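Participant: Here are the chains, one letter per residue:
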Amino acid sequence: MHNRHVLHVMASEWKKTRKTPVQLVMMLLVPVLSVLFLSWGMDYILGISSHYKAAVFFADDKAALAEEVLAGEYPYFSFRNGDKEDAKDLIYEGKIDTALIVGEEEIRLIYDSSLLNSSAALKDSSDIAADLSMLLEGKEYYDGMQLFYPKEELIDMSTPMDKLQKHIDQLAGVVGMIVFLMMASNAMTISARSITGEKERQTFDTLVLCPAPLRKILLGKMLIMMAEIFLSGVMGVLAAIAGMAIWSRKNFATICEQAGQDGLWILVLILLLLAVTMAVTAIFTFIGSAFSQTKKASLFSSAGMVIVSVAAMLPTFLTTDLVKYIPMANWTPSILDICRHDIHFVPLLVALLISAALLCISMILSTGLWERTSE
Amino acid sequence: MITIEHLKKTFKKNKVEAVKDVSLEIHDGQIFALLGPNGAGKTTTMRMLSTLLDPTAGTIRYDGKLLEQSDVDIRRRIAFLTNEIRLDGQFTPDELADYYGRLYEMTKEQIEKNRDKLFDYFGISEFRDRRYETFSTGMKQKTSLAICLLHDPDTIIFDEPTNGLDILTQHLIEEYLLRLKSEGKCIILSTHILDLVSRMADRVGVIVDGKSVFCGTVEELPQAQGVNTLEEAFIKLYKENHEEKAIVGK
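The listed protein sequences derive, respectively, from chains A and B.
For the first sequence, the numbering used here gives the first residue as 12, with consecutive numbering after it.
For the second sequence, the numbering used here gives the first residue as 6, with consecutive numbering after it.
No wet-lab data here; the hints were simulated from the structure.
Among these hints, one or two may not hold up.
Derived BS3-like pairs (lysine-lysine); straight-line CA-CA distance at most 27 Å [claimed, not checked]:
{"id": "1", "chain 1": "B", "residue 1": "LYS113", "chain 2": "A", "residue 2": "LYS227"}
{"id": "2", "chain 1": "B", "residue 1": "LYS113", "chain 2": "A", "residue 2": "LYS30"}
{"id": "3", "chain 1": "B", "residue 1": "LYS17", "chain 2": "A", "residue 2": "LYS306"}
{"id": "4", "chain 1": "A", "residue 1": "LYS26", "chain 2": "A", "residue 2": "LYS335"}
{"id": "5", "chain 1": "A", "residue 1": "LYS307", "chain 2": "B", "residue 2": "LYS244"}
{"id": "6", "chain 1": "B", "residue 1": "LYS17", "chain 2": "A", "residue 2": "LYS307"}
{"id": "7", "chain 1": "B", "residue 1": "LYS244", "chain 2": "B", "residue 2": "LYS20"}
{"id": "8", "chain 1": "B", "residue 1": "LYS113", "chain 2": "A", "residue 2": "LYS27"}
Listed next, with one range per pair, are the computed distances between beta-carbon atoms [stated by the list, open to error]:
{"id": "9", "chain 1": "A", "residue 1": "GLY379", "chain 2": "B", "residue 2": "HIS176", "range": "38 to 48 Å"}
{"id": "10", "chain 1": "B", "residue 1": "ASP200", "chain 2": "A", "residue 2": "LEU376", "range": "41 to 51 Å"}
{"id": "11", "chain 1": "B", "residue 1": "GLU22", "chain 2": "A", "residue 2": "PRO224", "range": "22 to 32 Å"}
Fair warning: this is a prediction, and the values are worked out from it, not measured in the lab.
By construction, the Cβ of each residue, glycine as well, lies at the ideal position given by its N, Cα and C atoms.
Extracted from the complex, chain B is given alone in its bound form:
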């Protein structure tokens, strides 16, 4: 289980307070969807969860262990994928699997077993000898996903995982996420697609202006807002919590 308490992140460079106060509870064997408008602080929260960013304040605990005290151990257990993450274009999927597998301290046998399973599922096997840079967007995303999952992580953090992908690839990835969930893995998704949330997620967290304003099951969200759909609930939450910034000038 992942427990996030009063998480805060201020970027020193531009003094932007990207995350002000986020508290969430994410359970194993479930898909957790993180919702929020653009600039709400979802990506920053995800990057802190994946150890890429250090929080300014607050705590993140993985099964009770503080993230900052055991970040290397936690990295062995998590996978993080965003549209921005790329792999070395000169390498083939086979070479990438070998490289990252070894950096994750996997044995040759483990690498081969997991690689073959993932490559077969995502249809990468037939392109395994081609350079990553020659792939289409969908192929790149599928390869990145396979490489990220190679070390068989317990927790998978996806920042808008199906953005820009065709229907078939989206479907393939969604199927795989459900399969991972059935294996007891914890999946955290950040997305704008409410349909994806209602179809896949068990629990949902909503962030508005860097603050978490809801954390509960997908069914609880509309109920708590007294509306019928997720969309209505999300809009209502946003309107209630969004601070209008004064526009200086005209």
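Next comes chain A alone, as it looks inside the complex:
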């Protein structure tokens, strides 16, 4: 019956958020912009984007033959007849980022290491050079002054999926961290306004005087905080998916194919975000309840941000399966599991339970701190 207190507090807190445009922007727009920008930047830096332009020049008029064989696999390359000078001219003019010159006895690779796009194109150029060396009966190729080994001596064990997963690993790690930091930053702001702010604005006594138990009031505040943080996380994840669909269509299509059509990935993302939401709410509710001045609470909130960052970075220096059981740390391995369509729900649920336990502990401690406030 008294759960209506919780609902009234939630409705009131949501109203406060709606009346604070800055809070709404922080909650909804900033995660989207950050993640979209980051997705683009990461794709750009990792070289899995289609931003670069490259060309293969054939001195012996074999462009048509090479295009027929290689164009499907290397869509960012054009195949032309010409020599080294033609290629350099196009690079100087900025029309292409990198060029492969197929000569009588060797294949040369021309690129500009000072240009990001040119560097990004280098990897694919090396691959295409290797393929060309086979196609053109084992010619050697050069990277500027350096002699490359012949193709037959290069043994690359990685598959295209391995390469993609490596990219996803890096992308998920960074995007995850940004999404978590956004969620934590929102939690910090909401906690400062809704929990510490009650004491700072001297509205706390009016609440204490109500017959509604303090723990119900705090629960209402925590639940709406969770809803708002979860919403910002959902916005961040949607932006990450949109970012990948926009900037890296080929990889996105491969991931969609691998992740499967059963929609389990949506459930995994929801479980992951719920665990983060609960953990972050637990941390910042406790910090918010411990202080009666937002300035002091903000100082200690930095410690909360450090906890979130460290948890998000755990998979980079902890390679055991244990990370799959730790809220926030389980993000990157779980995203990889989605890409492989090899989803394990037990670790996800354990992480969720750990977060729920943290939330309960935080609520008990925070209620105690609130009850002592009047003293």
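Based on these hints, arrange chain B on the given structure of chain A.
Facilitator: Showing chain B alone in chain A's frame:
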């Protein structure tokens, strides 16, 4: 009736003994004024009466019921207002009434009825759609008063209710307090303004250095001290009971 017996409060944090021994008797349908110099322990006593603070020792009974055993029920029956109490600045008076009314478990109809009555009396109706944070001090105080009284409490505890308010607002609040008294409510005021006490209060309690030194009717106070005015009586009581603290150093 509220009975306070040997009330004591020591703050653990700074080990200050704010209230040492306060015993008072407050009757229904009367205005009780709590008098005392600054730092005497009036506010701490009021905060204990309103359930905001737990006493270190002693008892408070509302109609015979111990406060610590039925604090939630007592909260439904009391209102507490001080100059320090604020409301959420982002909300309008209407929204505040709705929020606090629901926390006091009132029905929508009760909220609307009481809100309209109070808003009309205090002249808040014309500002009901404006944010509380945009109000002047007087408007804020009137809105806080209206919100505190929304649940129609039996006991109203006011810590210096007219401090910093203009004459018109003071008059409006005093009128309303008298109206509440006529409805049989119990009103406890803490104030420095002796004129307000002589005009409005039925009974008076005096606290000096955390101890209650007088509790009786307004007329009894000067008589008991053998003087003519409340002011003289208060000063005499203070001088007789104040413990001069030794000043260390120069």
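Participant: Please list, smallest to largest, the hint numbers that this structure does not respect.
Facilitator: Violated: hints 4 and 5.
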